[in-house]
Structure formats: structure tokens, C-alpha cells
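Visitor: Here is what each chain is made of, one letter per residue.
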Amino acid sequence: MKTKTKFLSFVLCAVLVVTSCFAFASCGKKDETFKIGVSGPLTGGAATYGIAVKNGAALAVKEINAKGGLFGKYQLQLFTYDDQHNATLVSTGYYDMVQKGMQASLGCVTSAPCAEFADLSAEDNMFFITPSASNDEIPKNTNGYQLCFSVGIQGKGAAAYVEEAYSGKTIGLLYCSGDNYSEGIKDQFKENLKTVTVVEASFNDGDTDFSSQVNALKDCEFVFMPIYYTPASQFMTEAKKTANNFKVFYGCDGFDGIETGVEGFDINSVPQKVSYLSHFNAKATEGKAKTFIDAYKAEYNEEPIQFGAAAYDCVYAIVAAIESKGEENFKINMSASDVCDLLTSVFNSETFTYSGATGSNMKWNKAANNGYGYVDKSATEYVVKEAN
Amino acid sequence: MNFLVTLINGLSLGGVYALIALGYTMVYGIAKMLNFAHGDIIMVGGYTVLVALGTSGKPIFTVIACVAAIVVCCILGVTIEKVAYKPLRGASPLAVLITAIGVSYFLEGLAQIFFGTNAKFVKIAEMGILHIGGLSIGWDTVITLLVSAAIMAALTLFVKMTKTGRAMVAVSEDKAAASLMGVNVNAIITVTFAIGSILAAVASIFYLMRYPTLNNTMGAMPGIKAFTAAVIGGIGSIPGAMIGGIVLGIIECVFNSTPLAPYTVAIEFAILIVLLLVRPNGILGKKRREKV
Amino acid sequence: MSLKKNAFVKYYLIYVIFAAIIVFFVALGGVLPRSFLSNSLQMAIAILLSLSLSFVVGFLGELSLGHAGFMCAGAYLGGKVASILAAGALGNGILTFIISVLVGGIVAAVLGVVVGLPALRLKGDYLAIVTLAFCEIVRVLFLNSPKEAFGGAFGLETPKYGSSGISLQMMLILALLLVVSAIAVFRNIIRSKHGRAVTAIRDNEIAARATGVDVTKYKLFAFVVSSFFAGIAGVVYSYTQSRVQSSTFDYNYSIDILVMVVLGGMGSMNGSIISAAIITFLNLKLSTVLTGNLAVAKDLVYALILILIVIFSNAPSLRSFREKYNFRAIIERLRKKEMDPADIKNDAGSWDRIPTKIEMNEVLSTDFKVQESTMNPDKEAK
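Residue numbers (this note's numbering), protein chains in the order written: chain S, 7 to 394; chain Y, 53 to 344; chain C, -1 to 380.
In short, the hints are calculated from the structure, not lab data. Because the structure is a prediction, the values reported are computed rather than measured. All C-beta atoms in this analysis are idealised placements derived from N, C-alpha and C, irrespective of residue type, glycine included. There's no promise every hint is true.
DSS-like cross-link-like pairs, simulated, lysine-lysine; straight-line CA separation at most 30 Å [as the list claims (entries may be wrong)]:
#1 Y:K227 <-> S:K246
#2 C:K322 <-> Y:K138
#3 S:K294 <-> S:K372
#4 C:K8 <-> C:K121
#5 S:K68 <-> S:K246
#6 S:K106 <-> C:K145
#7 S:K200 <-> C:K121
#8 Y:K175 <-> S:K391
#9 S:K247 <-> Y:K110
#10 Y:K172 <-> S:K303
#11 C:K145 <-> Y:K227
#12 C:K215 <-> S:K146
#13 S:K162 <-> C:K283
#14 S:K391 <-> Y:K227
#15 S:K196 <-> C:K215
#16 S:K391 <-> Y:K172
Reference listing, derived: stretches of chain C covered by chain S, where coverage requires no fewer than 3 residues with Cβ under 8 Å from a Cβ of chain S [what the hints assert, rightly or not]:
#17 51 to 60
#18 204 to 213
#19 294 to 304
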């Protein structure tokens, strides 16, 4: 072997040894903060959601700390990790945050990485409540909860809505093939339909051309679109170009952000009625949602989307749950597993409810959901705009 | 009837692919390098249009924006060539490929820092719709196709008729021999990149006119698709790029309107593989005999 | 003198190093932090991938942009077999792992034949786009697969280290053993007549054919062996994830592997190993260091490093600079010792780095002073 190769391998070994020493060294450090971690895409195509969650959570942490913190004396500390919407990176981020002392967590922002997170955290009994990873499988372990609606709930809800409004008629369905959020809702939606006939069209992630889909659905009055707002805006723009019967575009929580998420896109130029099933009202004029919206705008100078609101609620829910148990049952240097036992006992109890920006009287009843930590709260049809 | 609509949609998409593929094939044909950053130059063109348009809706700003995109892309293309590719002249093609990938990542990262990853909606111009006997076809589609055809013709003439164009052919055939014949190889390659980047800017304008959503990775997939189109048409062949683009656009729209839609990408690539096995040099590509 | 002994040491040093690493993890795996073990596991997977791609790109001389496709097939099929076996009598043990590794490897190898066939007709960039296309086809097929078969859009649930059966430490040791076996296989192939045939095709296909090398056979051979190990890497990957998701295996992943191979130096196994380890380690470290608002800088830093390294190590105009300031030259200067050319010729470790038409080898080979013209008479031949 060449000297250079030898040298390089030596460097490599040295680097490994040094970093492992650092890793050990950081274990012993203790400080008096309660540490919450969240992993999400801060870069790449899904970064909008990750950044919104990071901002929402950071806002909640800042507000709580300004009031003195947990029990009025323990400051909160937030760790964020950029998983780039890539499940492969989650273990690196998770182990890193655990090493830094994470005691409770918001899981991951998107479903694919969160499935990995759910597995890793189950082994450590690390509590997580995800603000936005909506796949049905995410909260299957004892330590996992969702604050957003699961895709199953959304699909069923949308089906119920459609059955009521369009009984016996034909509606359009546009979904993103290969996307677990979109396909998950689509499957549940179709399963729960009884009298309504569906015309389907699909696109692939990253497609820019929606002319074929518009053409396929053009005879439908009502189009259900369990997709994210960027492709939705592209579809609506394309629909303006040809003759069609579209009257209503109806979406799920992925639609949230359609008014402000795509800069320059004017939703009011879309002639159809646009509405979606949601837990967050971005136009709220009262209550906690309003407080959140004002605080978010003041802090970040932009309109919040539901991802931010949900993350904000997650942090508050964790704090509320711990505080509800009383200070005598809590110690700042509790292990993650003890924190998890404490939190799950609160979340699973009949009496604990939480009201925040994304809904009132939220409950989590694992016993009623076969052990899945789905959220129980009311969804509303949020009307973005009426038909022109 | 429905099939005709699909066909028109395919033409519309194909026109955009063709425009991008023309730039790709130009750079590949002369410089013999797979310019992975071509799609990202389109992206930069898009952001330039966005910034130059500002909030004003005046038509004059549209013209300014288009000119700005062309100038910025041209300067960017030449700079990239000088900084990242020129030092590697004579090195392995693989090294240049990796640098091109690096440049591509770099531009995407830079755009992410400046503009974030949120999609932006760019309204360049509202085009009307042309109605022909019950069929409607957007004027943007018609104009895109006409512009692609005009550029194809102009490039063909340029390469065949002008001194610079013939020098380009010479460089693409054999760099060493061309330089012995008095052709300034470096200058010719710079000119090629300038033209390729101008084409990218033009493509970005028509792309956004048709599909007005812009983000920092918008160039990646169209770039790959356009390269596929260029290969289908026979890479290096200017009319081939046009044909390849339109063929690919039609294939995509035809399959998108069938239940096979989720597999569209797979089908496109499968067709590419089969075509290359039957005609290893694409539809219009020339077969070159390999000499020892 | 010590020449023979020297060559012996050079040849076996890599095994000694890996043996030491394995012993290190056997002894200390229990007390090391999990992040360290899991990062090392990612590095082992990357090494398997870059080793296997290096055989096609560096030794056969064909550009492949579809390596992630083989890995994807291996991960899905191996993972599927593992999940079936784990639910059955075998349980989630080492035997299940070994069987699924073999299955994943064989499936990928079969796909290697499928991709190798176009490689017989196509060259250079055409082959690159075909391999890229192949990778995307595999990805799309698994993405839209039926839920019952391969999990569909949400991915296939596969056995994972830790939860039961194989611990993270055990998994890492198994992965390292696989790396060592891959090194042994590739080294022995390259030193055999088959390996020489493969490199002969790279250096001049027509000349190789003229001298009686069965080009068809050896091209397929190279693709098959390479994809076999990529499939194995896929199975190991599937054991690191609770779900195998096909969106991971897009062409960008193939490009990342290619970058490791190219930066490691074409036609250098050791280079591939080291660069795969360093790049993966850097990426994982960057992702935990640059978090929060700094996350956006990560892509930029990576891109800049990539461009600078490629230009530095390949630009013809920097050749003299490189010759003066590479590690070996600096060390030699420190030792103030001249290399004896005879040493080089008899150095068993050096022959695979003999300068060839693919001139990327400067990363590792400019450092010995052999006249290129004598080593490579066909340099200017077209």
C-alpha cells in the first residue's frame, strides 16, 4: 500500500478516535434545562414544512421561557435536526439529539422519516408527539402521538363530507402517486365511499405539466385533491386555460398554505370555490389561533401555516401535560424514559385535554384506537374562497 | 377528440422540452461534456425573471426581465465554463462530469439561500387561447413551438454557414486537429457555452410562461428529461433535439392520461433504453466508426 | 532484502487495518455511543457501494449512473426475504441475515446482466443515461408496487437491527465482515487473469478484442460482480431502516456513490474505501453540526469542496503542483529518500494504478516517477 493511503487511513482512524472521545466527554455535562428535539427537512424540496415546524416550536419555546419556563423555573431548550426528508439520516439525528440530552420530542415533520423515528424512539421509550407526520402507522407504539389528523381520519372525514354533499354523483380525485400522504388519504377516501363514483387522475412528484390531469377530470364539478398546495396551485393554474366544469376544489391539510405559500400565486384569480379540511384557521380572529398568528407574524414577518401552528401546540401540550402532574412528580434531570412514562400517563388519562391554536379540547385515547395515539378533535371545513 | 387534446398537450410540453434540449445538445455536441448544470442555469434564468419583473405589471418590465435573464445566464454560463470547466480541459470526461454536478449543487444551494425553497409563482405574460374547430390550444404553446423551430433553424444555419459555426464543428470533431488548423479552441468553447446559456435563458422564459411555478430545483428534472430527449433525437444533432423533445412530451402526456400514469417516468426511460438498443445513436444521430 | 517482506506487508495491511477495526468494535461496541456505531455502519455501507461501483467505473472504464438501482433491488428483495424468514422458524437471527444478503446480492446480479447487455452496445454518456434510466425505472416500479408485496408508497417494512435478534454492534461487525470479503473478492479478481482482461478492455477495447479477450463476457462479468455487492449493500441498508423506501434510491444517490469513487481515484480500491468513509463521515457530521439556520449552508459547502477537490486533483495545469505537494512527496521529502524505481515495479500493490487512458489516476499514481510514455504507449491512440 502506498504511503499516502497509509497516511489517509491514519488520519481517518485519528478522526474517529477523537470524535468518539468528544462523544464521551459530552455525556457527562448536565444543565438545568428541559430539552425537546425535533427532526425535519430544513433544506431541500420539503423544507417549507420543516422550517415552519422549527419556527412554530421555537416561538412556543421562546414564549414559555419568557414566562419563566416549565413550572416557572426550568427553561426549555429546543434541538432541531435537518433530516432532508430522508429516512436514512434520521438515526444519525436521533442519536445525536439523545446524546445532547433530549428528554421529549416532536418526532419528525414528514411521515417517511417519522416512521423511522417512531421505531428508534420506541426502543428508548422516548416520548414524541408529531405536529405533522400524518401516516396512520406513526403513533402505533406506546410512546408516539399525533397532533395532526392521521391520513385515515382525513380520508374518512373527506368521504363523509362528499357522501353528504354529492350523494349518487360523480366526482374527480387528483392524487400524487408514490406519495404516502396522498395515496394514504386516497385509499381511505375510496374505501369509505358508498354512493359516489370517482374519476381518478394522478401525477408524479415533481411533475410540472397538469394538462393531462385537467383533461381527464374536466367533466367533474367537484374535485377532491389530497395533495400539497404547490401542485394544487399548478393544477388550478392549468385548469384556467381550458374549458371545464370545475366548481369546487376540496383538499386536506396539505392545502394549507395555498393562499400564501406560493409567492405571487393569487388564489382569488381561481374562479372555483376552494376549501379544505383542516384543524387550523389561518384567518382566525379570536382565540388561541389568533394569538399564535399575531405572535408568529411579529416574530418571523410571514404568514404562518398549520405546520407551524401544530408545532407550537405540540410544545405547549408537552408542557401542559407535565405541569398537570404537579412539580412533585417531575425532576429536571429525569431520564427520557421517565419523562415518557409521565407524559403517556397524562396523555392517556381521560381527564387531560389540551386547547391550542389548532383546536380545542384535544384528547388522545389510545385505548379507543387500538393503541394508536391519534388525536381526537374536531375538524372544520376551512373555506379559502367562494366561487367567483 | 380526447386523443387530439392529449396530443396538443403533448406538443405543448414537448415544445418546452425541445427548447431545453436544444441548449443541452449544443453544449454536448461541441464541448463533449454532459452539462448537468444546464437545468440549473434555467433555474437561475427563472429567478432573474422573477426579480426583474418586480411587482410591476407593466409590459416593458416583461421585456426587461427577458433581456436580463438572457444577459445573466450568458454571463453565468461563461463564468462557470471559465472557472469550473476550463481548468479541466484535457482531463478525464468523468472529472468534468463531477464538476458539473458540483456546479449544479452549488447553484441550487445558492438559490436556496437567497430565495428559500418555497415555490414562487411567476406571471410573465397572459396569453390567450386559440380555438380551432372545438379544440383549444394556448397561444403560449404555439409561440413556444414556433420559437423552438426558429431556434433550431437558426442554429443549423449558424453551424453550417458561419465561420464560427464551422469552427465549432471542427472543434467537436477533433480539438487537436482544429487547433492545428488555426481554430482558437478555448474561444470556440466559450462561445458555445455563451450560446448554450442564452438558449437556457430563452427556455426558462418559455418554460415559465407555460408552467409558472419556480423553485430552486425546478431545473433538475426538466434537465434530465431534456437530456433524454436529446439522446432520443441523437445527441449533438440539432433537429434531433427538437424531434426528441416533442416525442418525449407526447409520450409523457399520452401515458399521463391512462391508468398507467404512475409509471410514466419508467415508461419514458424504458422507451429510451429500447430505442438506444435498436438505434444506438438516437433517431438522427450519426454513426461514427471507431478507429484504432 | 526486505523487498518481498515489504510487498507482503503492503498487500495485507488493509486486512490488518480492518481486522483491528473489527476487534475494536467487538471489544468496545457495548460501551461506544450508538451514534458512533450507527455512523460507522453507514460508512461500511458506503464503502461496499463505492468498492463495487469502483470495479465498473475504475476498472472496466464504463460510466454508470444507476448504482442505486441495484442497491434498491437488493434492499427490497433481500428485505422481503428477511421479513418472511424472520416471521418464520428461523427468526430474526444471523442465519436470516446471511440468506437475505445472498438473495439480495443474487437479485441485483441478475439485474446486472440486464443492464450489462446494453453496455455491450453503448459507450460513454449513452451508457450513463441508460444506467440512470434503469435506476429510475427500478425506483418507480417499487414506488408503485402493490402494498401487499412491497409496501407501496410508504415502503417495505423490514427487520431492523436492535429491536430483536441482531444488535447494532453485531450488525456493524457483520457489515465490516462483508466489507472485508468484498475487498478480498475484488482484489483477487483484479489480480487474476479476469481482472487483467477487464482492465485491458478499459485501456483499449479494440486492442483487447484483438488479443483475444472475450469483451462480451468480461463486460457482463464486471457488471454482475459489481451489482452483486451493491445488492448486498442494499440488504445491509435495509437492516438499518425500519422501512425501505424507494424514494431514497434516486439518481442523486447514484451520483453520490460515483463522487466517492472518482474522488478516491479511478482504479484504486483503497482510494475508494477511504474516500467513501471520509465523505460519508463528513456528510453525517455536517448534518449534525450545521443545524438550524446553518442547515442551508451544508449543500453549498459540500458543492464547493467537491468542485475544488476535482479541479485540484485533475486539472492538467496543476500537475506539477500536485507532484510537488502530494502526501507521498511531502513524506518522501521529510524522509529525504529517493525512491528506487525497482521498488515500484516489484510493488504488488502498485500495478493496478499504472497510468492509463483514464487520467483520473493522478490522485494516487502521479507520485511515482515512471515515464508515462513507456507505461502507456496507447495514450494518444484514438
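Visitor: K196 (chain S) and K215 (chain C): Cα distance at most 30 Å?
Guide: Distance of about 51 Å is beyond 30 Å: violated.
Visitor: Just to be careful, I want the Cα atoms of K68 (chain S) and K246 (chain S) compared with a cutoff of 30 Å; is the pair within it?
Guide: 44 Å, violated
Visitor: Taking 30 Å as the top limit, are the C-alpha atoms of K247 (chain S) and K110 (chain Y) close enough?
Guide: Cα-Cα ~22 Å, so holds.
Visitor: Hinted pair, alpha-carbon criterion (30 Å max): K106 (chain S), K145 (chain C). Please report holds or violated.
Guide: 38 Å, violated
Visitor: Assess, step by step, whether the Cα of K391 (chain S) is no farther than 30 Å from the Cα of K172 (chain Y), and give holds or violated.
Guide: With a Cα-Cα distance of about 20 Å, the restraint between K391 (chain S) and K172 (chain Y) holds, given a limit of 30 Å.
Visitor: Would you check chain S against the stretch 204 to 213 of chain C, counting CB to CB pairs closer than 8 Å, and say if three or more residues qualify?
Guide: Answer violated; 0 residues pass the 8 Å Cβ test.
Visitor: Taken at face value, is the distance from the CA of K227 (chain Y) to the CA of K391 (chain S) at most 30 Å?
Guide: Violated. K391 (chain S) to K227 (chain Y) sits at ~62 Å, over the 30 Å cutoff.
Visitor: Can you confirm whether the C-alpha distance between K172 (chain Y) and K303 (chain S) stays at or below 30 Å?
Guide: 20 Å, holds
Visitor: Taken at face value, is the distance from the CA of K121 (chain C) to the CA of K200 (chain S) at most 30 Å?
Guide: 56 Å, violated
Visitor: Taking 30 Å as the top limit, are the C-alpha atoms of K162 (chain S) and K283 (chain C) close enough?
Guide: 42 Å, violated
Visitor: Is K294 (chain S) within 30 Å of K372 (chain S), Cα to Cα?
Guide: 26 Å, holds
Visitor: Given the hint that K322 (chain C) pairs with K138 (chain Y), test it: the Cα-Cα distance must not exceed 30 Å.
Guide: 22 Å, holds
Checked against the numbered hints given earlier, the structure breaks hints 1, 4, 5, 6, 7, 11, 12, 13, 14, 15, 17, 18 and satisfies all the rest.
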